[in-house]
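Protein sequences, first through last, are from chains V and C.
The numbers in the numbering used here rise by one with no breaks, and the one at position 168 of the first sequence is 168.
The numbers in the numbering used here rise by one with no breaks, and the one at position 448 of the second sequence is 448.
Simulated from the structure, these hints should not be mistaken for laboratory data.
Note that the structure is predicted; figures quoted are calculated from it, not measured.
Here a beta-carbon is modelled for each residue, glycine too, at the ideal position from N, C-alpha and C.
Warning: the hint list may mix true and false statements.
Here are some, though not all, of the chain C residues that point toward chain V, as calculated from beta-carbon distances under 8 Å [what the hints assert, rightly or not]:
{"no.": "1", "residue": "Ala127"}
{"no.": "2", "residue": "Asn130"}
{"no.": "3", "residue": "Ala131"}
{"no.": "4", "residue": "Ala175"}
{"no.": "5", "residue": "Pro191"}
{"no.": "6", "residue": "Glu193"}
{"no.": "7", "residue": "Ala219"}
{"no.": "8", "residue": "Ala223"}
{"no.": "9", "residue": "Glu229"}
{"no.": "10", "residue": "Gly230"}
{"no.": "11", "residue": "Ile233"}
{"no.": "12", "residue": "Trp383"}
{"no.": "13", "residue": "Asn384"}
{"no.": "14", "residue": "Leu387"}
{"no.": "15", "residue": "Ser392"}
{"no.": "16", "residue": "Ser406"}
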Amino acid sequence: MIKKLLAAAATLAAVSVLVFFAFSLIPGDPAVKKLGTQATPEALEMMREKLGLTGPLPLRYLKWVSGFITGDPGVSYSYDMPVAELLGDKLPVTMALVFMAFVILVVISVPLSILHARNEGKRSDRVLLFIGQGIMAVPPFFMGIMLTWFFGIILKVFVPGGYVSYKTDPAGFLAYMFFPALAIALPRIAMTVKLLRAQILKEAREDYVRTAYSRGNSTMAVLYRHVLKNAFIPALTFLSMNLTDMVAGSVVIEQVFGIPGYGRFLLNAILGRDYPVVEAIVMGLAAFILLVNMTADILYRLLDPRI
Amino acid sequence: MIGRTAARRVLSLIVASVLAAALCGCAGGKTAKDSSGITIAIPQDIDSLDPHYMTAAGTKEVLFNVFEGLVKPDQAGDLVPAVAEDVTISEDAARYDFTIRKGILFHDGSSVKASDVKYSILRCAEAGINASLSAVKEIETPDDTHVSVILEQGDADFLCNLTCAIIPESNKEPAVKPIGTGPYKFVSRSPQENLIVTRFDDYWGTPAGIKDVTFKVEANADAVVMDLEGGSIDMYARVTSAQKDQLSDKFEIYTGAMNLVQALYLNNAYGPFSDVRVRRALCMLMDRQGVMNFVSDGEGSAIGSSMYPSFSKYFMPELNDLYETDVEAAKSLLAEAGYDSSSPLSFTITVPSNYQQHVDTAQVLAEQFAKGGVEVKINSVEWNTWLSDVYSARNYEATVVGVDASTLSATALLSRFHSKAGNNFINYNNPDYDKAYDKAMSSVDDSVRTECFKECERILAEDAANVYIQDLPCFVALNKKFTGYVFYPLYVQDVALLKPAAQ
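With the rest of the complex left out, here is chain V (with noise of 0.2 Å):
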């Protein structure tokens, strides 16, 4: 565990340096971007002095690591604002929206997989292959303006563009974010079921599941106690491996529904070379990345003693 967590924080560290240094080599000028073309140069050296942009690098970046390892990422260059503040008033949105569409994923996924295991080789298993084949197909992004065109303009369920911020409207705020998780969520429930269902059927041929009948329990025990479990150690791999991608996912889904999260706060700095916001968001997503990862690795030993 300790050995884990060292890596963790040497791959933290590698991110920061990577993230820093190849924003450095990159065009373009923060004063340039802030005090636009008419600026006079006195103003604009000005600038950088202020943003801190002078100074030999290596500097800068031991400044910056200190900084956020303190809790102080800096000071947004688009917005005056401190990063901590600006990032945390949007953090329970790409939340939101991520576990939105991981609970979506889960409460869709199992049960449906069970229910597809128990008819196999019928008609409705083979219906429900192809349909999730061509599920999985769909790039989440097209998803995403299918589903805004069909339940957003013809069925008018909801408003597209309506979001409604989470302080003024919290239930609101929830009810606009179910499409757009379910966006992410679809192509995700496809490739979940076909794993968990070929799962479930290798393990009920197992020798074990025999045993347990033998021994008189019933359908519902042997399920729940023997073939789920083991059938799950291969899928929490990739539920957590889904539960990283959602955060990328949600990136390009946020663009679609509009949704002021991560994912557009992410590009607009990057396109406005607001350097403190980008780093804090990359740090931010590989941390919650090599989270998910230990806790899966926690997971694994919980249901397997062995490993």
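Using the hints, position chain C against chain V.
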């Protein structure tokens, strides 16, 4: 192996959760729209709420509704009194005397004093974003209602710089709690989300027609049609010609001009382009109508120099037809300059990838130039790269871009071609041009100045400084629930003029 009851339970769970979610969706949809206000989509977020530090044209056009200067532009392109009631300009145009409008209030209810005006102009000059304000030598405030701006030297065009926002000196947080004198006052702002303003009831002028206005950041231009049709936005001022055709008859489309000089800008310091014959040959190879048909449905306005039609006082339509499309004549000009089929002219057009119209234009031009044996490569770069490589470092051969005017003055478009101008990104160097421009600047007689500016335009056209193309069309989609959209010759969205349509 797996029981039927389990399967049934699972199925009912799915149905229940989907239904619950869909019902939630219904409830959310209905609360999203409030009919008493208007939601206007803007293509990018506000870059600053501090009027003296905002640089993006997209920010200025929105906050035009919140802030006012001593004077402000009107729809005809004239400067009209705003915070000032009247202005007297001295003979030598070095002294501008203002009387502050009687009874004018800031949004916080305090009255506008001469000291606020002095503070604002000095603060704006200090910000360094508008370099022209450095010409201010002194500001006198003899009493609370009179302000005199004294310049280092006479400049009859200086008034257009005094559109700089007047803000109260007492406001210690101008970037967070903006206070101005405009028809709308600031309510709230959420980064990447929206800016909300409401009607200022003590406004000195005609009150705004709509009470609450939300400017919503629409980061995804492709979602505009769906958002307009779905009702989450009522207006968008940057509809493309393809989108305008997709919109239903719930929307009125207003057609105007973007007010910019779109051209193939040539780096005059780059070898081949230092030869006027080469530049003229490119002008002759261009089929302007062909470009306009492809890029903007043929709805742009032709231009022949660095001036667009909205500036009717200075615009010279006769320059549009200076170069007829003539491939043979262009070829012989190129041959004279030493380029033929064995050693063809070849260059790269660097174009900012975020402006589809400019990318499209570059592609059409490349094809048209190919007819004259000119080889063109297109290098599409991201906007910040364009700013640093092309605009600041001038390290390019040719570029397609639109240049707009920051103030209501001919100098905003023409000053950059002076050989000594810091923003002369095409490295244009022509002593005749400098002479004409300097003469305009030293004169205070308006007719002399206008004549000199026209001379400047003529020189740019005859010298083929750039391959001038068009002023692009601008389509504004407005829900028919509202009416009254008006175009300005500058980047301005005058929301105060909008009003609910008569039932």
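Now for the hints, and whether the structure bears them out:
1. Ala127: holds (7 Å)
2. Asn130: holds (6 Å)
3. Ala131: The hint holds - Ala131(C) has a Cβ within 8 Å of chain V, the shortest such distance being about 5 Å.
4. Ala175: holds (6 Å)
5. Pro191: Since the shortest Cβ distance to chain V is 6 Å, the answer is holds.
6. Glu193: holds (4 Å)
7. Ala219: holds (5 Å)
8. Ala223: holds (6 Å)
9. Glu229: Since the shortest Cβ distance to chain V is 6 Å, the answer is holds.
10. Gly230: Hint on Gly230(C): holds, closest Cβ of chain V at ~4 Å, below 8 Å.
11. Ile233: holds (6 Å)
12. Trp383: holds (7 Å)
13. Asn384: Holds - the Cβ of Asn384(C) comes within 8 Å of chain V, reaching about 3 Å at its closest.
14. Leu387: holds (6 Å)
15. Ser392: At 6 Å from the nearest chain V Cβ, Ser392(C) passes the 8 Å test, so the hint holds.
16. Ser406: holds (6 Å)
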